[in-house]
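Participant: Listed below are the residues making up each chain.
Number of protein chains: 2
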Amino acid sequence: MESAITEPARDAFDRIFHPKSVAVIGVSASGYAFGTGILSSLKAIGFEGRLYAVNPKGGEYNGMKIYTGLSMIPEPIDLAVIAVPAERVPNALEECRRMGVAGVEILSAGFSEIGTEAGARLEQEIRDIASRGIRVVGPNCFGIYCPQSGLTLLPGPDLSRKSGPVGFVSQSGGMAIDFAHIGKWMGVGFSKMVSFGNGADLRETELLEYFGRDPETRVIAMYIEGVKDGKRFFSVLKDVAARKPVIVNKGGLTEAGSRAVESHTASMGGSKRIWEAVLRQAGAVQVGDLWEMAQTCLAFSLLPPRVYEHITVAGGGGALGVSACDQAELYGLNIPQLDPEITKAILEHLPRPGSSAKNPIDAANPFVGPQAYREVFLKAAGDQRVDAQILIQLLYHYKSLSSAMGLSSPKEIAPYRQLADEMKGVVDATGKPLMLVVPNIKQGVESMDIEEMIREARAIFLDRGIPVFDDLGHCLRALGHVSRYYALRRARGL
Amino acid sequence: MESAITEPARDAFDRIFHPKSVAVIGVSASGYAFGTGILSSLKAIGFEGRLYAVNPKGGEYNGMKIYTGLSMIPEPIDLAVIAVPAERVPNALEECRRMGVAGVEILSAGFSEIGTEAGARLEQEIRDIASRGIRVVGPNCFGIYCPQSGLTLLPGPDLSRKSGPVGFVSQSGGMAIDFAHIGKWMGVGFSKMVSFGNGADLRETELLEYFGRDPETRVIAMYIEGVKDGKRFFSVLKDVAARKPVIVNKGGLTEAGSRAVESHTASMGGSKRIWEAVLRQAGAVQVGDLWEMAQTCLAFSLLPPRVYEHITVAGGGGALGVSACDQAELYGLNIPQLDPEITKAILEHLPRPGSSAKNPIDAANPFVGPQAYREVFLKAAGDQRVDAQILIQLLYHYKSLSSAMGLSSPKEIAPYRQLADEMKGVVDATGKPLMLVVPNIKQGVESMDIEEMIREARAIFLDRGIPVFDDLGHCLRALGHVSRYYALRRARGL
Numbered sequence: 001m002e003s004a005i006t007e008p009a010r011d012a013f014d015r016i017f018h019p020k021s022v023a024v025i026g027v028s029a030s031g032y033a034f035g036t037g038i039l040s041s042l043k044a045i046g047f048e049g050r051l052y053a054v055n056p057k058g059g060e061y062n063g064m065k066i067y068t069g070l071s072m073i074p075e076p077i078d079l080a081v082i083a084v085p086a087e088r089v090p091n092a093l094e095e096c097r098r099m100g101v102a103g104v105e106i107l108s109a110g111f112s113e114i115g116t117e118a119g120a121r122l123e124q125e126i127r128d129i130a131s132r133g134i135r136v137v138g139p140n141c142f143g144i145y146c147p148q149s150g151l152t153l154l155p156g157p158d159l160s161r162k163s164g165p166v167g168f169v170s171q172s173g174g175m176a177i178d179f180a181h182i183g184k185w186m187g188v189g190f191s192k193m194v195s196f197g198n199g200a201d202l203r204e205t206e207l208l209e210y211f212g213r214d215p216e217t218r219v220i221a222m223y224i225e226g227v228k229d230g231k232r233f234f235s236v237l238k239d240v241a242a243r244k245p246v247i248v249n250k251g252g253l254t255e256a257g258s259r260a261v262e263s264h265t266a267s268m269g270g271s272k273r274i275w276e277a278v279l280r281q282a283g284a285v286q287v288g289d290l291w292e293m294a295q296t297c298l299a300f301s302l303l304p305p306r307v308y309e310h311i312t313v314a315g316g317g318g319a320l321g322v323s324a325c326d327q328a329e330l331y332g333l334n335i336p337q338l339d340p341e342i343t344k345a346i347l348e349h350l351p352r353p354g355s356s357a358k359n360p361i362d363a364a365n366p367f368v369g370p371q372a373y374r375e376v377f378l379k380a381a382g383d384q385r386v387d388a389q390i391l392i393q394l395l396y397h398y399k400s401l402s403s404a405m406g407l408s409s410p411k412e413i414a415p416y417r418q419l420a421d422e423m424k425g426v427v428d429a430t431g432k433p434l435m436l437v438v439p440n441i442k443q444g445v446e447s448m449d450i451e452e453m454i455r456e457a458r459a460i461f462l463d464r465g466i467p468v469f470d471d472l473g474h475c476l477r478a479l480g481h482v483s484r485y486y487a488l489r490r491a492r493g494l
Numbered sequence: 001m002e003s004a005i006t007e008p009a010r011d012a013f014d015r016i017f018h019p020k021s022v023a024v025i026g027v028s029a030s031g032y033a034f035g036t037g038i039l040s041s042l043k044a045i046g047f048e049g050r051l052y053a054v055n056p057k058g059g060e061y062n063g064m065k066i067y068t069g070l071s072m073i074p075e076p077i078d079l080a081v082i083a084v085p086a087e088r089v090p091n092a093l094e095e096c097r098r099m100g101v102a103g104v105e106i107l108s109a110g111f112s113e114i115g116t117e118a119g120a121r122l123e124q125e126i127r128d129i130a131s132r133g134i135r136v137v138g139p140n141c142f143g144i145y146c147p148q149s150g151l152t153l154l155p156g157p158d159l160s161r162k163s164g165p166v167g168f169v170s171q172s173g174g175m176a177i178d179f180a181h182i183g184k185w186m187g188v189g190f191s192k193m194v195s196f197g198n199g200a201d202l203r204e205t206e207l208l209e210y211f212g213r214d215p216e217t218r219v220i221a222m223y224i225e226g227v228k229d230g231k232r233f234f235s236v237l238k239d240v241a242a243r244k245p246v247i248v249n250k251g252g253l254t255e256a257g258s259r260a261v262e263s264h265t266a267s268m269g270g271s272k273r274i275w276e277a278v279l280r281q282a283g284a285v286q287v288g289d290l291w292e293m294a295q296t297c298l299a300f301s302l303l304p305p306r307v308y309e310h311i312t313v314a315g316g317g318g319a320l321g322v323s324a325c326d327q328a329e330l331y332g333l334n335i336p337q338l339d340p341e342i343t344k345a346i347l348e349h350l351p352r353p354g355s356s357a358k359n360p361i362d363a364a365n366p367f368v369g370p371q372a373y374r375e376v377f378l379k380a381a382g383d384q385r386v387d388a389q390i391l392i393q394l395l396y397h398y399k400s401l402s403s404a405m406g407l408s409s410p411k412e413i414a415p416y417r418q419l420a421d422e423m424k425g426v427v428d429a430t431g432k433p434l435m436l437v438v439p440n441i442k443q444g445v446e447s448m449d450i451e452e453m454i455r456e457a458r459a460i461f462l463d464r465g466i467p468v469f470d471d472l473g474h475c476l477r478a479l480g481h482v483s484r485y486y487a488l489r490r491a492r493g494l
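Protein sequences appear in the order of chains A and B.
By full-length UniProt numbering, the letter at position 36 of the first sequence is numbered 36, and the numbering carries on one by one without gaps.
By full-length UniProt numbering, the letter at position 127 of the second sequence is numbered 127, and the numbering carries on one by one without gaps.
Don't read these hints as lab results, they were simulated from the structure.
All the pointers check out, no bait thrown in.
Some chain B residues judged to face chain A by a derived CB distance under 7 angstroms, without partners named:
1) Asp178
2) His181
3) Ile182
4) Trp185
5) Leu253
6) Cys325
7) Asp326
8) Ile441
9) Met448
Capping the alpha-carbon separation at 16 angstroms, the derived lysine to aspartate or glutamate pairs in EDC-like fashion look like this:
10) A:Lys358 / B:Glu113
11) A:Lys244 / A:Glu209
12) B:Lys358 / A:Glu113
13) B:Lys432 / B:Asp383
14) B:Lys358 / B:Glu348
15) B:Lys432 / B:Glu309
Note that beta-carbon positions come from the ideal geometry of N, C-alpha and C, so glycine has one too.
Put together the whole structure using the sequences plus the hints.
Facilitator: Structure (structure tokens):
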């Protein structure tokens, strides 16, 4: 057996994230149970290894044999999913340990988070068993998502199977599943995601260390409510952030929020000022919410790793200049006036009168075509200072135009596919990244066709490696994060 | 003639915003022209008065006679739209003045904004003529939008005809047309909107004064790049803000942004700190961009005018607590732990185990029904401290459920209509406003049905007077603005 030969060389993390065999403990032959749910999800998403169902009562679920115990399964198990009532978790975990399971995820709730002595005691039992040689994710978590192996979060039957560079460590299961869904259409791909819940064993620091050395992970994102050992966390964070961007969303920063966090230790409380200072010193990237985290991960995933100082912003048919400049400065970016020769060359490709090409480059109308924008960006990139370029495309205008032309859909005339090809060509030719911003001011029930067009355009640009945002501010904020991160590394000689 | 009797009593502003007759100067018998565009838009939107087209060449446009001059029109004109090349604008304006036109909007560009001496001189001519007895909006603007009379911005054939309490004064035409479109689906109704462009005559201060006394305007919004007479503006702002909320978005607050603003006077430059202090002292509400402005106007439009201190936040199936508390505190709001008796009573209506009802009220799953939420909010309102309530409804979960049930659309089972009725009932019964938050993490091409459902739900809740937001943070921020505004008025004894 090939697996018997390679098994010994695989470490626990490898067996957990890329298991050849998974046992789900707590699958019910009849009626709904969390265990049954996660088993169905693993099947639905197409888990690559072998799946086993376990329940002391035995029986069958959907044509699948339910084993009465781990020892009845005819092969070693890499990862077990435990989804039995809290009081039975320690026994199940101990059996996993005895059978040589590398790790478990405990989806069950009813531990320290319910604030009872019994709950705390059960969690201590988990910790004790883990310390004797098995890794635990949870309890009270949504588990592990790994697109490559086909592991999925609870409920998660419809998450993407496309891997990407982002590793996400989350204390909150809800945040994890939300980010997985947002990433799917926003273009953020994940190497692995771990929702660790109460974190009885594996938690922020060790997972951060793991992602720091994991070759599949290039960008690390974290949602943290409280850390267990602040000093060690800070030291690991500083070490990892010197090599890979670490984007942190800290929940419970306000007094009210930190009261809402069921703090596990008082070592690093909720002081906003302390946290911000600590994260800054460690060289981490701080974000305020899940949306900013997703946008920032998108930028880190798709943009070349470097400092960005000077950018161009081009687009047509909307208010550009003032707001673009205001927001760029806010995020530490610069929209320099282009060289007059370049401005002149750009203007030749834009409608006159009405266009202006000093930068921001304002096209007089929203129907400037892909070839014209190709020339605009090629010429603008000729200014040596320009590090990155942004196109604001107001696709919704094509609806009015298509209606005026008697067409049934704006998709018939909006040239976003050609535009994506041209923009990809510009990036390839100049080596300077391009970002697309597609705002939508028409979000009424009668404008579903605009929304559909924008979503298609997003997918097409993402296919060509061009990040897409729905707001210029979001785009500049994300680019600013990337730039500041690499500026700090440069300043520290890293 | 009735109009002959009532005319003398109408002031210039009334004749401008509610014109019985409009002349569009610059309508071309053939080919496209801005004048032709605005004429078509006025027809499309259903302008209530009589429309006349003017062009010295005469002719006919779409079966409509084109008059060769204003004097050929058989009745007095209240409002004229001037859309001729810049150099012909002064003559056209002078003819309007001689013919007793109350006001004009000059859509033409090519004045001070192009930075030439000729442009500046033409604009001075406009100012001179205006000072002899005619009011001017523009030049270089998108004009006036008044849903009640059917005046519309350029291009604007598809703006809403539903009036509302918000008056918007905007230096930027793009900002005006964008806000008009956003307001249409977000539920912000307008009394009037004026895009004043270069502001040769009417501009921020006088328009603010007008909206301050206009009984059709209850909430005032402004987009300002630079003001002409800072001292007078500040004094009028202070006076008006003492009676009506004035929401201000100042463009060009950063150094880069203020360079991008073609400042009309240096009297009040772009210093962020000065502007923020001045606006705060005047009691205005400061917002950072158009989206925040729209959300804030929505809250001011639909919520009872008062201070909000304590709120409840309820919802199910997502990460609630920590983030809700963090954000509430950020915006000066409080999510108090409810009275234990009330918590107990609420819990009886939520799924057990898993729900928590201390506030935030976290339902264990997203499928808690309208009747249950009715009871939850009725009971929570029993806590005397509660000023307002927020429901977070994760409608996208109904897609997975409908798929699992073999249904074709989530709309078949998602009870948002009944929910809207129940929530309206709660508001009526308790006198405490409710807000709805409908986040959407599934925005892929394959999830158009979720988007459609959410848009329908938004419209249904808005019909019942309940504001809808797509993000809890946006909702809390808008509520915080309302609360702080009335707190300041209270503190100042206004």
